[in-house]
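Can you make the complete structure from the sequences, with help from the hints?
The lines below spell out each chain.
There are 4 protein chains.
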Amino acid sequence: MTVADDAEQFLNADRYAQENGIELIEAGAGHARVAMQVQPKHLNSHGTVHGGALFTLADCAFAIASNSHGIPAAAINASISYLTAAREGRLIAVAEEFAKSKRLASYTVIITDEHENRIAIFQGMVFRKQPRDDGEKDRRRP
Amino acid sequence: MTVADDAEQFLNADRYAQENGIELIEAGAGHARVAMQVQPKHLNSHGTVHGGALFTLADCAFAIASNSHGIPAAAINASISYLTAAREGRLIAVAEEFAKSKRLASYTVIITDEHENRIAIFQGMVFRKQPRDDGEKDRRRP
Amino acid sequence: MTVADDAEQFLNADRYAQENGIELIEAGAGHARVAMQVQPKHLNSHGTVHGGALFTLADCAFAIASNSHGIPAAAINASISYLTAAREGRLIAVAEEFAKSKRLASYTVIITDEHENRIAIFQGMVFRKQPRDDGEKDRRRP
Amino acid sequence: MTVADDAEQFLNADRYAQENGIELIEAGAGHARVAMQVQPKHLNSHGTVHGGALFTLADCAFAIASNSHGIPAAAINASISYLTAAREGRLIAVAEEFAKSKRLASYTVIITDEHENRIAIFQGMVFRKQPRDDGEKDRRRP
Numbered sequence: 000m001t002v003a004d005d006a007e008q009f010l011n012a013d014r015y016a017q018e019n020g021i022e023l024i025e026a027g028a029g030h031a032r033v034a035m036q037v038q039p040k041h042l043n044s045h046g047t048v049h050g051g052a053l054f055t056l057a058d059c060a061f062a063i064a065s066n067s068h069g070i071p072a073a074a075i076n077a078s079i080s081y082l083t084a085a086r087e088g089r090l091i092a093v094a095e096e097f098a099k100s101k102r103l104a105s106y107t108v109i110i111t112d113e114h115e116n117r118i119a120i121f122q123g124m125v126f127r128k129q130p131r132d133d134g135e136k137d138r139r140r141p
Numbered sequence: 000m001t002v003a004d005d006a007e008q009f010l011n012a013d014r015y016a017q018e019n020g021i022e023l024i025e026a027g028a029g030h031a032r033v034a035m036q037v038q039p040k041h042l043n044s045h046g047t048v049h050g051g052a053l054f055t056l057a058d059c060a061f062a063i064a065s066n067s068h069g070i071p072a073a074a075i076n077a078s079i080s081y082l083t084a085a086r087e088g089r090l091i092a093v094a095e096e097f098a099k100s101k102r103l104a105s106y107t108v109i110i111t112d113e114h115e116n117r118i119a120i121f122q123g124m125v126f127r128k129q130p131r132d133d134g135e136k137d138r139r140r141p
Numbered sequence: 000m001t002v003a004d005d006a007e008q009f010l011n012a013d014r015y016a017q018e019n020g021i022e023l024i025e026a027g028a029g030h031a032r033v034a035m036q037v038q039p040k041h042l043n044s045h046g047t048v049h050g051g052a053l054f055t056l057a058d059c060a061f062a063i064a065s066n067s068h069g070i071p072a073a074a075i076n077a078s079i080s081y082l083t084a085a086r087e088g089r090l091i092a093v094a095e096e097f098a099k100s101k102r103l104a105s106y107t108v109i110i111t112d113e114h115e116n117r118i119a120i121f122q123g124m125v126f127r128k129q130p131r132d133d134g135e136k137d138r139r140r141p
Numbered sequence: 000m001t002v003a004d005d006a007e008q009f010l011n012a013d014r015y016a017q018e019n020g021i022e023l024i025e026a027g028a029g030h031a032r033v034a035m036q037v038q039p040k041h042l043n044s045h046g047t048v049h050g051g052a053l054f055t056l057a058d059c060a061f062a063i064a065s066n067s068h069g070i071p072a073a074a075i076n077a078s079i080s081y082l083t084a085a086r087e088g089r090l091i092a093v094a095e096e097f098a099k100s101k102r103l104a105s106y107t108v109i110i111t112d113e114h115e116n117r118i119a120i121f122q123g124m125v126f127r128k129q130p131r132d133d134g135e136k137d138r139r140r141p
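Taken in order, these protein sequences are the chains called A, B, C and D. Counting from 0, one number per residue, gives the positions in the first sequence under numbering that gives the first Met the number 0. Counting from 0, one number per residue, gives the positions in the second sequence under numbering that gives the first Met the number 0. Counting from 0, one number per residue, gives the positions in the third sequence under numbering that gives the first Met the number 0. Counting from 0, one number per residue, gives the positions in the fourth sequence under numbering that gives the first Met the number 0.
Since the hints were derived computationally from the structure, they do not count as laboratory data. Any given hint could turn out to be false.
[Claimed, not checked] Straight-line Cα separation of at most 27 Å, DSSO-like style, residue types lysine-lysine; simulated pairs:
| # | chain 1 | residue 1 | chain 2 | residue 2 |
| --- | --- | --- | --- | --- |
| 1 | D | Lys99 | D | Lys128 |
| 2 | C | Lys128 | A | Lys101 |
| 3 | D | Lys99 | B | Lys101 |
| 4 | A | Lys101 | C | Lys99 |
| 5 | D | Lys101 | B | Lys99 |
| 6 | D | Lys128 | D | Lys101 |
| 7 | B | Lys128 | A | Lys40 |
| 8 | C | Lys99 | A | Lys99 |
| 9 | D | Lys128 | C | Lys128 |
| 10 | B | Lys128 | D | Lys101 |
| 11 | D | Lys40 | C | Lys40 |
On a predicted model such as this, the values are computed, not experimentally measured, just so you know.
Okay, here's the thing in structure tokens:
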């Protein structure tokens, strides 16, 4: 399977991503691009896209990019800065790997709207699980 | 109206919070406590609660605490660290104000499960809108 | 040696902490309290304590608290929010452990001035080195 | 004066930057590049460059980039992720503006060593002071 096939499978198995309407656009080693069409259910009490929905969109791009090397990666932390409120249309999140070591890796995710306005920037770090020598099956990538 | 009534109204008007099943437990000046019963829709592809769902839970506590002073507060950034994966049960997020100035305020939110395991810690900052002298109506707290 | 003796030794071996005039007040399992007397060399071009100096103060408390369990801990990330500018006097940083697992731990550090004004809040995460079974000597705690 | 002249003056007036040996390489609207030659005084008790020194280097690039538009910008928060320990040589920090609004702006700073290893990534946000209509002098850019 290609990285993109893996990413598709990974996202399909992610109930919360499905619930939020997140779609894969593209994925490769260390990067990913996903989209979310804004729906009324994504809005907060101010009528703008909820911080939690923006975070979720970025987090899905981050999860796909960080799991693209065939080694399961668990998010350990993330930060997000919101620059412009989003209200409608299709939001895009692009994740790029900044660096990785044996155990850790770091990703930057940028969210833009369909007019290329910069909505938010996200920085995330993962812990990379070491496969054991005894041929342990990775439960997360069946 | 009391702070708790305001908080209830604020949360009821938040579509994304409703969608995620977030309930108010308690609110006061500068603090808030909310809960989320884990449902299958909150899970990621590893079968644990999605980082985006944990963030959303913390974010709702943060929004209520930061909007509790009668001045609209817009989130400008947040960071979250995940310590233990959550899989089921009722998660609780408690937001406490660290400090506020005229324009900015900062909050810490702690997420625990029903066995008091510490799941995640969240730090968020808001920009506080200045009411204008001309008696401008605040559109966000009708 | 007690945790406090270890902490004293750890801080004495830290050239950058010494350069910045950081002193240990107290340390125990998972927590630490350090101080820094503001000097002209700590100031930025606005005449307030430099963000880098505040971060360094918090970082030293974080390093002592996270290395207090006898397992070497390496910082993997940190975030800081600045609430009030500091100009003079003695600044105090208090680090408390939020949670720890086998490999990771998280700490919150609060900086206050001598009038108990809240200057900044810091959140840091460490990766905890696993001692090897072969009796490997820990080079960091001789 | 050009942006680069302003940046030079800004950095010269920054006592903590001087103390840390930070030099300007280049600056323009919304970006900056600075360097720091690692000295024994920058090291921690593990013999690697102290997190506080790395943060300070990134923070100086961030300060120059965010103050490059002629409007004083005060840091409100920052996060840093450390990927590789640095021990010696000349470290470079490059700050780029992600986005800015009337009141807020966000910057990403990347630290590399002289072999182009990626040492750390930093994300910072500033609050931009509004000049008053009465021709108020900006005390920070004499």
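**Request:** Give me the numbers of the hints this structure contradicts, sorted from smallest to largest.
**Result:** Result: hint 9 breaks, nothing else.
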